[in-house]
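Student: Sequence:
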Amino acid sequence: MTEPRPTDDDRIDADSASDGVAGAESVADDAPGSSTGVDDALLTVDGLRKEFGGITALDGASVDVGRGVTGLIGPNGAGKTTLFNCITGFLEPDGGQVRFGGEDITGVRPAALAQQGLVRTFQIPRELESMTVRENLLLATPEQFGERLTGAWRRGERFADDERRARRRAAETAEFFELDHLLDEPAGNLSGGQRKLLELARALLTDPDMLLLDEPMAGVNPSLQRKILDRIHDLEERGYAFLLVEHDIDVIMEHCERVIVLHRGEQLTAGTPEEVRSDERVVEAYLGGDEV
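If you're matching positions, the sequence shown starts at 1 in full-length UniProt numbering and goes up one per residue.
Be careful, since some hints might not be right.
Stated by the list, open to error - Derived pair list, reagent style EDC-like, types lysine to aspartate or glutamate, alpha-carbon separation capped at 16 Å: (1) 227 <-> 178; (2) 227 <-> 254; (3) 227 <-> 215; (4) 227 <-> 175; (5) 227 <-> 162.
Said to hold, decoys possible - DEER-style ranges, computed between Cβ atoms: (6) 219 <-> 90: 18 to 24 Å; (7) 142 <-> 51: 31 to 37 Å; (8) 90 <-> 60: 26 to 32 Å.
Just so you know, these hints were derived from the structure itself, not from any lab.
Since we're looking at a predicted model, the values are computed, not measured.
Note that CB positions come from ideal geometry on N, CA and C, so glycine has one too.
Assemble the whole structure, with the sequences as input and the hints as a guide.
Tutor: Next up, the structure:
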């Protein structure tokens with residue numbers, strides 16, 4: 001049975017944007033060398049395999065992700081992005097299974113996954129540069145009345161109410177991410193960090209349960225990195241789940257309750273940051289013997 005999404009009371013609104021909501025569910029941590037699973041896993045990957053022309057990218061990868069912020073690390077070529085792509089339907093795995101909220105989602109396309117509450121961001125943001133920040137956010141708002149053919153024809157009061165609701169929600173989300181002063185700015189004029197914030201805002205507007213973030217700190221200056229991390233933790237407190245790929249190990253170790261280590265296409269271990277940092281297998285695999 002699918003776990004419930006954060007309730008409407010937990011969603012972003014103008015009054016609560018700066019206050020935060022307490023009470024996130026905790027994620028169980030498992031010591032390296034154990035089953036490395038979580039008792040309340042929302043996302044479960046079991047034996048995922050993927051090859052490209054005879055080269056194995058994923059070799060039976062199995063991971064569990066619960067609520068909170070989970071980090072995914074590994075050396076270059078470990079299969080992190082391939083894993084993300086297979087989970088989120090951008091690649092078809094050659095074997096194995098992906099379950100989300102207890103349901104088999106293996107091979108389900110990205111648009112359908114977004115409707116089920118699983119969305120991702122990319123290393124390079126994919127905003128529509130010629131459109132304003134407001135327009136980018138409005139496009140991400142789901143289930144708008146005007147999307148239906150009959151709704152587009154019948155521009156009555158319901159259409160107007162829906163438009164006002166979408167605009168209000170876009171403005172509230174922009175305020176939460178401190179982009180409200182840029183609502184009428186073309187997205188192509190934003191800095192790299194502001195584009196990452198916009199991509200995260202767009203993902204949030206789809207009403208997800210879990211967000212998979214692919215290197216959200218890459219190319220972002222320290223002040224905007226701090227802002228992105230603050231927003232992630234605010235959302236964590238509201239009950240959202242995150243799986244975070246990031247090359248900055250300090251970010252992972254400081255901001256994730258649980259860390260999964262991928263090596264040669266499979267999970268090497270998982271546990272708390274302290275457990276992972278002290279695991280000799282991780283030190284050897286990730287940094288060739290240097291301290292993590």
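Student: Please go over all the hints and tell whether each is borne out by the structure.
Tutor: Hints, one by one, checked against the model:
1. Between residue 227 and residue 178, the direct Cα distance comes to roughly 9 Å. Compliance with the 16 Å bound is thereby established for this hinted pair.
2. A distance of roughly 15 Å separates the Cα atoms of residue 227 and residue 254; the hinted pair therefore holds under the 16 Å criterion.
3. Among the hinted pairs, residue 227 with residue 215 is consistent with the structure: their alpha-carbon atoms are about 15 Å apart, no more than 16 Å.
4. Restraint check for residue 227 and residue 175: satisfied, since their Cα atoms lie roughly 13 Å apart, inside the 16 Å limit.
5. Between residue 227 and residue 162, the direct Cα distance comes to roughly 31 Å. Violation of the 16 Å bound is thereby established for this hinted pair.
6. At about 21 Å, the beta-carbon gap between residue 219 and residue 90 stays in the expected band of 18 to 24 Å.
7. In this structure the hint that residue 142 and residue 51 lie 31 to 37 Å apart at CB holds, the actual value being about 35 Å.
8. Residue 90 and residue 60 have their C-beta atoms about 20 Å apart, which leaves the hinted 26 to 32 Å range violated.
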